[in-house]
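Chains A and B, in that order, give the protein sequences.
FYI, in my numbering the residues of the first sequence are 164 to 420.
FYI, in my numbering the residues of the second sequence are 2 to 381.
Worth double-checking, as some hints may not be accurate.
Stated by the list, open to error - Simulated crosslink set (BS3-like; lysine-lysine; CA at most 27 Å straight-line):
no., chain 1, residue 1, chain 2, residue 2
1, B, LYS119, A, LYS392
2, B, LYS235, A, LYS209
3, B, LYS108, B, LYS37
4, B, LYS180, B, LYS223
5, B, LYS235, B, LYS312
6, A, LYS209, B, LYS223
7, A, LYS359, B, LYS14
What the hints assert, rightly or not - Computed beta-carbon distance windows for the label pairs:
no., chain 1, residue 1, chain 2, residue 2, range
8, A, THR383, B, LYS119, 27 to 33 Å
9, B, ASP261, A, ASP212, 35 to 41 Å
10, B, ASP261, A, LYS382, 55 to 61 Å
11, B, ASP261, A, PHE194, 19 to 25 Å
12, A, PHE194, B, LYS223, 52 to 58 Å
Calculated directly from the structure, the hints in this document are not laboratory data.
Backbone N, C-alpha and C define an ideal beta-carbon position, used for all residues, glycine too.
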Amino acid sequence: MNIYVLLKKTFDTEEKIAVTNGQIEDDGAEFIINPYDEYAVEEAIKQRDEHGGEVTVVTVGDEDSEKQLRTALAMGADKAVLINTEDDLEEGDQFTTAKILTAYFEEKEVDLILAGNVAIDEASGQVGPRLAERLGIPYVTTITSLKIDGETVNIDKDVEGDIEKIETSLPVLLTCQQGLNEPRYPSLPGIMKAKKKPLEELEIDDLDLDEDDLEPKTKTVDIFLPPEKEAGKVLEGELQDQVQELVSLLKNEAKVL
Amino acid sequence: MNFELSKEQVMIKKMVQDFAENIIKPRAIEIDTEAKFPEDIFKQMGELGLMGIPFPEQYGGSDGDTLSYALAVEEIGKVCGSTGLSYAATVSLGASPIYYFGNEEQKEKFLKPIAQGKTLGSFGLTEPNAGSDAGGTRTTAVEDGDDYIINGEKCFITNANYSNTITVTAVTGKDNRGKNKISAIIVPTDTDGVTINSNYDKMGVRGSDTCEIVLDNVRVPKENLLGDPEKGFKQFLHTLDGGRISIAALGLGIAQASLDKALNYAKERTQFGTAISKFQAIQFKLADMAMEVELARNIVHKAAWLKDQGKPFTKEAAYAKLFATETAFRSANQAIQIHGGYGYMREYEVERYLRDAKLLEIGEGTSEVQRLVIARQLGC
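Isolated chain A (complex conformation) (with noise of 0.2 Å):
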């Protein structure tokens, strides 16, 4: 089975975040993997151990994804895509990220293509379906459980905490939610062997693509940090005023009754 794992380097979240200028400030922050995509490196590896095969893992960024890849190889995976802008984009929004995907992959002989959910910065969950539509291949987002027998796939997708029971066929597209397993740590053999296997790195040349093609179609305007938690206010006097005032800020005040 020839599997496919879409993963995308990410600040984070759990690390301080400076935003200068409506720009996140690159030096400070640390970055992994984004934690979805985890949950898709791990799901493949277990397909690929279940039914064979082979794992490539595939990303869209810049040199320094180099580290999330191997990383993933670490894990277990086989092989490693870097298709590096650096040099060719400027800026870029989830309908470039899906055209350079769609190029890397409409010559490929894909059966299982894996991806987070959401990534944890922009969240926007689109860069999968977006290519699986390019593609034109079945997907379903956050799923929680997957069984491949033959041609047919079994999943059980999360529905805002209920469960949705589906089955599709191969090749199709699917999204991770938490939930699907549990991310394995990278061993130390596989940390050592994970600089022997492939890496390839393309740049959008390769794909035939050219920076026009891929102009964004959206701009980001502003980002801005979550305004910060002021102190909490400690009501005083006896329990009847002090009941009357609460309604009374949250009425007028919070403005949420």
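Mind docking chain B on chain A? Use the hints.
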């Protein structure tokens, strides 16, 4: 000159850090209070290949280097001194001498299972009357046909309860100057006459397994003799040189953890209407801690790098062990001070750092012995 870690080293550090944070850290207080060896954690560490970092693949290792191993010890030491100590002892004292001095059969039979994480490793050098003075060893191994018969007593031996074999030092005869000849012999722990007790109630590293071993007419085949019988003493010195780097890395981990905790607390704790991190008295402590942690890291990495390059590292390993473990003690002590009354409470963990750090100034060569080693290297 290049201070950057390789991609593999960065990845190993990150992996061990994640593992330590998620799996070991939540258990650290319990491991200390109950003084219970976390066998299940070691099983997982074995499966991840942590026990085999500095050994080649053919012996069940991961083909990594000393620096990667030091990074792993630091990350584990940051969350749990007990786990860090048993880990360092397995690799540096249990597995390494067999790797350095064992023949092919011994490596296949005794090193492989340790490197693969199937058993821990243990090194029996210290005796009730022989610690820093290894020459005072009284345990004897007498030849009897194809075997050695070993008699004696060992104390403060790490991991013996969880190891299939212990490499034991024993007097095997006298050299031509009439001095005791000390050799190392691999003793399977299930041999008749081997008794292992662990009745110690320790100040720190309470979850690490520490044992007393009685050897009563223990019969092991001569083929279990490790390395050159004439150079037993030199062999331990080499083993201990390597071990010092890992104890230094463990000290570095505890020192870093002390700094992290103290800095976080100082930024959050308010007195006189302001965070205590705004007070110079606290700032100076934190500045000293941060500087010492970084200097300790530099010498630990340098000693590991020298070893990886095949260059002499005895002096640097002693520097590293001495400075990093004393830094650990000082940093933990200051971390408690910055925490005030809370720091004295187990829940805040810094008091444990101090108790764990104290062992590092004693085990595998006291601070005083490190100074002697350094002085000897200076030609004194």
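Tested hints:
1. B:LYS119 with A:LYS392: violated (50 Å)
2. B:LYS235 with A:LYS209: Outside the cut-off at roughly 49 Å; violated.
3. B:LYS108 with B:LYS37: violated (30 Å)
4. B:LYS180 with B:LYS223: At roughly 22 Å apart (the allowed maximum being 27 Å), LYS223 of chain B and LYS180 of chain B satisfy the hint.
5. B:LYS235 with B:LYS312: OK: LYS235 of chain B and LYS312 of chain B at ~17 Å, within 27 Å.
6. A:LYS209 with B:LYS223: Distance ~47 Å between LYS209 of chain A and LYS223 of chain B Cα, so the pair is violated.
7. A:LYS359 with B:LYS14: Holds. LYS359 of chain A to LYS14 of chain B sits at ~19 Å (cutoff 27 Å).
8. A:THR383 with B:LYS119: 27 to 33 Å: violated (53 Å)
9. B:ASP261 with A:ASP212: 35 to 41 Å: For ASP261 of chain B and ASP212 of chain A the Cβ distance comes to about 38 Å; the hint holds.
10. B:ASP261 with A:LYS382: 55 to 61 Å: 41 Å Cβ-Cβ, so the 55 to 61 Å window is violated.
11. B:ASP261 with A:PHE194: 19 to 25 Å: holds (21 Å)
12. A:PHE194 with B:LYS223: 52 to 58 Å: holds (56 Å)
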